[in-house]
Amino acid sequence: MALKLSLKPGERMILGGAVVMNGGPSSCDLLIENRVPILREKDILTEEQADSPCRRIYYTIQLMYIDEGNLAAYTRLYWSLVRDVVQAAPSTVFLIDAINEQILRQRYYQALKLTRKLIDYEEEVLSRVSGGAQTL
Amino acid sequence: MAMQPITLTSGMRANLVSLQQTNSFMEVTQKRLASGKKVNSALDDPVAYFTAVAHEQRATDLASRKDEMSEAVQLVKAADTGIESIKTLIAAAKSLATSALSADTTAAASTLATQYDEVLDQIDLMVADSGYKGVNLLKAPTDPGSTLTVKFDETGQSSLSLQGFDASAVTGLSLVSSTTSAWVSGGAISTANIEAAITALDNATITLRTESSKLANNLSIITARQEFTQGMINVLKDGAANLTNADMNEEGANMLMLQTRQALGTTSLSLASQAAQSVLRLF
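Order-wise, the sequence lines are chains A and B. Each residue of the first sequence is one higher than the one before, counting from 1 in this note's numbering. Each residue of the second sequence is one higher than the one before, counting from 1001 in this note's numbering.
No wet-lab data here; the hints were simulated from the structure. Honestly, I wouldn't trust all of these hints.
If you want a taste of the chain B side facing chain A, the calculated C-beta under 7 angstroms gives, among others [claimed, not checked]:
1. I1206
2. E1251
3. M1255
4. L1258
5. Q1259
6. A1272
7. S1273
8. L1280
Quick list of the computed label-pair ranges, beta carbon to beta carbon [said to hold, decoys possible]:
9. A:L31 x B:A1275: 22 to 28 angstroms
10. B:A1054 x A:D51: 40 to 46 angstroms
11. B:V1053 x A:Q87: 24 to 30 angstroms
12. A:R40 x B:T1260: 30 to 36 angstroms
13. B:A1054 x A:R105: 33 to 39 angstroms
All C-beta atoms in this analysis are idealised placements derived from N, C-alpha and C, irrespective of residue type, glycine included.
Isolated chain A (complex conformation) (with noise of 0.2 angstroms):
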């Protein structure tokens, strides 16, 4: 079954290998025939903005996703940040845990939306202390 996406004018997505922009005056439907890597504008993290290290993650499944060529380096790197996470806040292992399956499963958008949720845990620990919110 075919996937239908909405792209408003000017919206940005990355569908398989290509950046694909609505130039029209309108918005457009989309159907997507066959199963490729699908990133709306709205999901996609940009190197600069991966600003912390729930937010790397995220960068580094999207990676994963977008250039399954280089997989291998990106689990190297994922490992190890997820690694790093899970040692300063325990407390994040369950949201970690259903991420890795998705990993292992190779459904890397499913995981990029559960870390959608990690990023809220991070930011709900980081707001516990004092310059929590400053921006590296």
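Fit chain B to the known structure of chain A by using the hints.
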């Protein structure tokens, strides 16, 4: 037909190896989380662990002392209830004696005297029934089961001894039965004897009031110690928890530290391939 060998892609293999390395570490973390504590055994941090255990044990010991204290409070209340009822009986006895003073006939006085003796007997029954869990504070101090030592601390060195007092009608409160001190003697009502009985009743009421205030005093001591013990238990439990519980503030601080460390470049993200970089740069 030949079986196809199961092959793993290089990506999956890398995943598996990393997972195996991370697994034991994750297990430890999950165990800690399951118990809500960061120190779970003496091996993790011996000092914190044993200190926490000692705190917990003392808290448990104190909790059992606190239970003993609540039992002591109930004992005192039982004795006080007994005293209140005895006072009521004494008031009844006094009104019987007063009626006897103004009795018209010796027969009427004799009837009142019998009723009066019955009330005195009831006082003794009341005394016998005022015990709580085998201790009766209304029995003579020489009787077994008339004292209770309430232990306050875990060693039992600080304590309060609750001593019974004899509240029985004749031996304890020095009331005189109408047969011993005859209300009717020589065919006439003995006003002097009855008045002596009334005086004895008044004195008994005063004695009971004094004992009642002693009980109230002991009660307030025990209650104060109860509150103190509860406070102490909380302090000990908090102390143990601080030593061993997973601490969200600490986690926050750790995360902040990790963030700083990563920003300083010990963990590099710039291994994104040229292709991925060019894709992501468009956003």
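Fill in: Those earlier numbered hints the structure runs against, lowest number first
1, 13
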